[in-house]
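Peer 1: Sequence:
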Amino acid sequence: MRIPSLALFLALPAALSCSATGAAPTYPTPHEVFFRHPDRVQIFLADHPSSWGGGRSTWPEDIAEEDLPHSGPTYVLPREGPELTAAQRKRLAATYLPPSAPNPFPPRKCMFNPDIALRYWRGKTYRDIVVCLGCIKFAFMDADGKPIPKEHAGYLEDYLFLHELAKEAFPDQDLSHGHFKR
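All the letters of the sequence shown, read from the start, carry residue numbers -23 to -1, 1 to 159 under mature numbering (1 follows the signal peptide of the UniProt record, and there is no 0).
None of these hints come from the bench; they were simulated from the model.
Careful, some of the hints might be misleading.
[Claimed, not checked] Think about it this way: if two alpha-carbon atoms lie no more than 25 angstroms apart in a straight line, the pair counts; the simulated SDA-like pairs of lysine to any residue are:
no., residue 1, residue 2
1, Lys114, Ala130
2, Lys127, Pro76
3, Lys127, Ala41
[Said to hold, decoys possible] Okay, the calculated beta carbon distance ranges per label pair:
no., residue 1, residue 2, range
4, Leu74, Glu42, 12 to 22 angstroms
5, Asn80, Pro37, 20 to 30 angstroms
6, Glu42, Ala78, 13 to 23 angstroms
By construction, the Cβ of each residue, glycine as well, lies at the ideal position given by its N, Cα and C atoms.
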């Protein structure tokens, strides 16, 4: 009788220490696989919400802000562009650098001002990369609207291709000095 009780007493702390409380979120598909092998990719204009001073100039007049797609609570996606072609997805996948790679862009002291968002789909879930074309910074978001920490996200290294995608998707937007005029 003593041995089973002793075994339970010794095993219980080990079982409790394996609980996931306070752990970083885990994803069924690693980010690198998600960003290198998406089923499809959508491109959107991106902006801050109006409560943050976001500009309604790119928003459809007949749609309320809360009815527009969002990427987390901090980015509104007022216009959707064309879905990327297979060739564009392949080139975009080649620009992805894992978080272990050095950041190809020097840090800049500027406010992140979102211009476009790329929504990567795998099956029925997605992850977003919101891009500031002015300072070449990225915000990675999961489908629940939670930020993916920078140390787990990675980078997109081909700024010129990102700019080309933005101009092709939204030719009526004035691109000036690497960002959209509002």
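Peer 1: Each hint should be assessed against the structure and marked as holding or not.
Peer 2: Comparing the hints with the structure gives:
Straight-line distance between C-alpha atoms of lysine 114 and alanine 130 comes to about 12 angstroms, which keeps the hinted pair within the 25 angstroms bound. Note on lysine 127 and proline 76: the hinted pairing holds, with a Cα-Cα distance of about 7 angstroms set against a maximum of 25 angstroms. At most 25 angstroms may separate the alpha-carbon atoms for a hinted pair to count; lysine 127 and alanine 41 exceed this at roughly 31 angstroms. Evaluation of the 12 to 22 angstroms hint for leucine 74 and glutamate 42 yields a failure: the beta carbon distance comes to about 33 angstroms.
Take asparagine 80 and proline 37: their Cβ atoms lie about 35 angstroms apart, and the range 20 to 30 angstroms is violated. A hinted range of 13 to 23 angstroms for the beta carbons of glutamate 42 and alanine 78 is inconsistent with their spacing of about 36 angstroms.
In this structure, the earlier hints numbered 3, 4, 5 and 6 are contradicted, and the remaining ones agree with it.
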